[in-house]
Amino acid sequence: MSVKVNVLLVGAGEINFGSVEGPWNHTSRLEKILTSRLRIVALVDPDQSRAFAALQSKLASAVAGVWKDCNLFPSVFEAAASLSPECVPQIAIVGAPPFARGTDIAGRDLELQLLKAFPACALFIEKPVSSGPEEASWRVAQALATHGTLVGVGYMLRYLKAVQLIKKVISDNGLVVMGTNARYVMAYEWARKPAWWDKSRSGGPIIEQATHFCDLSRYFGGDVHLPSVVAHTVQHNEPPGELSAKRFDEDQIPAENRLPRLTSATWKYTGGAVGTLTHVIALHGTTYDTEFEVYADGYHFRLVDPYSIPKLYIRRPGVAEVEAHTFTNDDPFHTELATFVGVVEGDRRNEAILSSYEDAIKTYELTWAIRRKSERAAEDYNQNP
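Letter by letter, the sequence shown follows residues -4 to 380 in this note's numbering.
Everything hinted at is true.
List of simulated lysine-lysine pairs, DSSO-like, C-alpha gap at most 30 Å:
#1 LYS(-1) / LYS27
#2 LYS162 / LYS263
#3 LYS263 / LYS156
#4 LYS188 / LYS53
#5 LYS27 / LYS53
#6 LYS357 / LYS162
So the derived label-pair ranges between C-beta atoms look like this:
#7 LYS241 / SER52: 23 to 33 Å
#8 GLU81 / GLY266: 41 to 51 Å
#9 PRO312 / ALA138: 42 to 52 Å
#10 ALA76 / ARG311: 52 to 62 Å
#11 ILE304 / GLY266: 26 to 36 Å
#12 ASP244 / GLY280: 15 to 25 Å
#13 ASN20 / ALA372: 30 to 40 Å
#14 SER77 / ARG311: 50 to 60 Å
#15 ASP64 / ILE304: 33 to 43 Å
#16 ASN20 / HIS320: 18 to 28 Å
#17 ALA372 / TRP185: 28 to 38 Å
#18 ALA190 / SER223: 23 to 33 Å
It should be emphasised that the hints constitute simulated quantities derived from the structure, not laboratory data. Even for Gly, the Cβ is constructed at its ideal location relative to N, Cα and C.
All chains should be built: construct the whole structure from the sequences, respecting the hints.
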């Protein structure tokens, strides 16, 4: 008889249950990875009506069997008090919004709650690690490390076959990265949740969304010299920042909390390379436009559309023609979760998890540095246009 894997879900929202806005859906991946071995023991969400609707949709589906033992709880505390010993989770998928986690502040400390409630449970945490103070996230990291908790963070782009091919070429040829360039153009028409458009709640587009490309930049460039960050924005109240396809009332959000429409940033890596990032809220429809580049002596790597069907173009020394690779059926969400499950079950080494909690905090620090520098630059511009 196959051994069941008990999984607790935190959050009944889109990252765990899917959305028309993108390919994220952790539960569907777990269902494919573990099949009948999966047992969802609990779904924790303070919005019990949303949790109930999410569970009912699963119970009415072809995978109802793995959900039949799922209990709904408004808090981790109540889950811990109610779950029977045979339903204690081995894995917790933490897909709650970033304002609820990543700190040691009461009510915003999901990791510490889970650590106390289920000491042997491995934690898969969605990005970004928090929307709170960076120093609080480091204290959480220390608590998790002291306890020996296995943690992975959902920076899934690291697991792309195209990304790993770039890594291999760099390693095989002893290359030193000269620079990275990331460009993320968002399709905003169907982004209708007011909380996302309120930077006091979401953290803003760099912290919440472009964090993936900031992380990918660090994956190739290394640690960032944070004082070197320079950033500028197009603000919502500037003529270039007017958006015509919004499907919600932005006037309900205080002006000081509205999102910049474009953010452009540059920085210096501690190893000497230079990084650049442009994030834009501009496109209509549902299709984003994303590219990521890496430069090294004799080489240019250009990764296009990493969220859909990744294409990698490589320019090598002595060859004018660009080498093209297309990666169909590459699902990094599946790969990162399959890797995490493999480590939990002892089939993979811990090093197979490509994004540790500590490393994810460094990405979080970079995103905050970009936001702070861009806000300071906007204030200076408004004072001295």
